[in-house]
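Since the structure of chain A is provided, determine the placement of chain B on it from the hints.
There are 2 protein chains.
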Amino acid sequence: MKLSAKVYVTLKRGVLDPQGQAVSRSLRGLGFDEVGDARIGKFIELELDAPDEAAARKRLGEMCERLLSNTVIEDYRIEVGARA
Amino acid sequence: MKLSAKVYVTLKRGVLDPQGQAVSRSLRGLGFDEVGDARIGKFIELELDAPDEAAARKRLGEMCERLLSNTVIEDYRIEVGARA
Numbered sequence: 000m001k002l003s004a005k006v007y008v009t010l011k012r013g014v015l016d017p018q019g020q021a022v023s024r025s026l027r028g029l030g031f032d033e034v035g036d037a038r039i040g041k042f043i044e045l046e047l048d049a050p051d052e053a054a055a056r057k058r059l060g061e062m063c064e065r066l067l068s069n070t071v072i073e074d075y076r077i078e079v080g081a082r083a
Numbered sequence: 000m001k002l003s004a005k006v007y008v009t010l011k012r013g014v015l016d017p018q019g020q021a022v023s024r025s026l027r028g029l030g031f032d033e034v035g036d037a038r039i040g041k042f043i044e045l046e047l048d049a050p051d052e053a054a055a056r057k058r059l060g061e062m063c064e065r066l067l068s069n070t071v072i073e074d075y076r077i078e079v080g081a082r083a
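Note that the protein sequences, when read in sequence, are chains A and B.
Take the first sequence: its letters are residues 0 to 83, numbered as in numbering that gives the first Met the number 0.
Take the second sequence: its letters are residues 0 to 83, numbered as in numbering that gives the first Met the number 0.
Chain A with its partners taken away, still in its complex shape:
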């Protein structure tokens, strides 16, 4: 089954995000005074083959644990769907 997955990797709450702070400050510097906190994460789109969505989700969880995220400081969220 040809599937398409989206993986969102975000910093855990409480972990300092200097990149997000820089973006927030830059936006305010450009006149976007309405902006408060900003947090930056990664968004990974993957094509993969799997017997079904549940199997894909399990494998994607392993990929996140082993390579895609640093689980000490990051959370991940997985979405699986049919390939567009």
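Just so you know, not all the hints are guaranteed correct.
Remember, identical chains collapse to one label, so a pair may be satisfied in a single copy or spanning two.
Unchecked claim - Derived DSS-like pairs: lysine-lysine, alpha-carbon spacing no greater than 25 Å straight-line:
| # | residue 1 | residue 2 |
| --- | --- | --- |
| 1 | LYS11 | LYS1 |
| 2 | LYS1 | LYS57 |
| 3 | LYS11 | LYS41 |
| 4 | LYS11 | LYS57 |
No lab work stands behind these hints, which were simulated from the structure alone.
Just chain B now, kept in the frame of chain A:
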């Protein structure tokens, strides 16, 4: 109105993504042979104040054009909702 926005910045189709290629190759190297193409994007969570969601969406479009994305090579997608 206190709102929370999510901005997804992705490379346009046809733009080479060496970071995605490296991730795809690394995953296969770890034994995830079912993985095909990978593409890496940015995921930006912003807190902002706006009169309503339509106004927020307009301002966020300007932020994307001016700072958050490089519109020559990247697309962006905006989601706006109540702050969690």
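**Study point:** Indices of hints not satisfied (ascending)
**Key:** Going through the list in order, the structure violates no hint and respects every one.
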